[in-house]
Amino acid sequence: DAMVIQNPRYQVTQFGKPVTLSCSQTLNHNVMYWYQQKSSQAPKLLFHYYDKDFNNEADTPDNFQSRRPNTSFCFLDIRSPGLGDAAMYLCATAIAGEVRQETQYFGPGTRLLVL
Amino acid sequence: AQSVAQPEDQVNVAEGNPLTVKCTYSVSGNPYLFWYVQYPNRGLQFLLKYITGDNLVKGSYGFEAEFNKSQTSFHLKKPSALVSDSALYFCAVRPNTGGFKTIFGAGTRLFVKA
Numbered sequence: 493d494a495m496v497i498q499n500p501r502y503q504v505t506q507f508g509k510p511v512t513l514s515c516s517q518t519l520n521h522n523v524m525y526w527y528q529q530k531s532s533q534a535p536k537l538l539f540h541y542y543d544k545d546f547n548n549e550a551d552t553p554d555n556f557q558s559r560r561p562n563t564s565f566c567f568l569d570i571r572s573p574g575l576g577d578a579a580m581y582l583c584a585t586a587i588a589g590e591v592r593q594e595t596q597y598f599g600p601g602t603r604l605l606v607l
Numbered sequence: 093a094q095s096v097a098q099p100e101d102q103v104n105v106a107e108g109n110p111l112t113v114k115c116t117y118s119v120s121g122n123p124y125l126f127w128y129v130q131y132p133n134r135g136l137q138f139l140l141k142y143i144t145g146d147n148l149v150k151g152s153y154g155f156e157a158e159f160n161k162s163q164t165s166f167h168l169k170k171p172s173a174l175v176s177d178s179a180l181y182f183c184a185v186r187p188n189t190g191g192f193k194t195i196f197g198a199g200t201r202l203f204v205k206a
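Protein chains in written order, with the working numbering: chain F, 493 to 607; chain D, 93 to 206.
Note that these hints are calculated values from the structure, not bench results.
We put the CB at the ideal spot given by N, CA and C, even for glycine.
Among the clues, some could well be false.
As the list claims (entries may be wrong) - To give an idea of the interface, some chain D residues facing chain F are shown, with a C-beta separation under 8 Å as derived from the structure: (1) Ala-93; (2) Lys-114; (3) Ser-118; (4) Tyr-124; (5) Gly-135; (6) Leu-136; (7) Leu-180; (8) Arg-186; (9) Phe-192.
As the list claims (entries may be wrong) - Covered stretches of chain F (in silico footprint by chain D; criterion: 3 or more residues with CB under 8 Å from a CB of chain D, positions within the stretch not fixed): (10) 505–512; (11) 522–534; (12) 539–547.
My request is simple: use the sequences and hints to build the entire structure.
Right, dumping it as structure tokens:
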């Protein structure tokens, strides 16, 4: 089945130790998003890719970086995690350019714990 | 500023009763409107959307939503609630002004009691 996959589902890291979260999709969607969600709050958009074009939200800390080596994969790198970065990280995909396909398809999320 | 409001943090309803989860928005133009549901420790799942056309939109699991342009509202409804509907519901708005950003409401937790 076509889907959005996130690995790992749970990640524990130490304060200041870099961590990478992975997202892959079999939907062949050209837009990929990364959201941060804390304590059942609204997902907060960190950045998105439209094909290879990277779009950073103005309030996304520099500590957060992303890579999209190809259509299927997108990575979230947290260079020096702080305690405040503990959250659920959600990856989502969508098709741009087709009005009827504005729906976002979310992965199951990666829950990050910073010790 | 563009925003989405879900005025109720929590909605409680008895199984078999109708439910409504409210959403209003402040976005210029004719935005796209969505409802997503989130179960514990899971990603968001798409329920339904309004792009254009009939103001009453039907979606997954028996849910529907009514778009009201004059009130800028998009309330989620279901005629008969199930215990399994208990989850966190997010209203989302995508401004139709270019770009790819979707604005999410703060979420409403629905509890359906048996």
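Going through the hints against the structure:
1. Ala-93: Since chain F brings no Cβ nearer than about 13 Å to D:Ala-93, farther than 8 Å, the hint is violated.
2. Lys-114: For D:Lys-114, the interface hint is violated, since the closest Cβ of chain F sits about 15 Å away, which is over 8 Å.
3. Ser-118: violated, 15 Å
4. Tyr-124: holds, 5 Å
5. Gly-135: Hint on D:Gly-135: holds, closest Cβ of chain F at ~4 Å, below 8 Å.
6. Leu-136: Since the shortest Cβ distance to chain F is 4 Å, the answer is holds.
7. Leu-180: This interface hint holds because 6 Å falls under the 8 Å limit.
8. Arg-186: Because about 6 Å separates D:Arg-186 from the closest Cβ in chain F, which is inside the 8 Å limit, the hint holds.
9. Phe-192: holds, 6 Å
10. 505–512: It is violated: at least three residues are needed, and the stretch 505–512 of chain F offers just 0 whose Cβ sits closer than 8 Å to chain D.
11. 522–534: holds (count 5)
12. 539–547: The restraint on the stretch 539–547 of chain F holds, since 3 of its residues have a Cβ under 8 Å from chain D and three suffice.
Hint violations for this structure: numbers 1, 2, 3, 10, all remaining hints satisfied.
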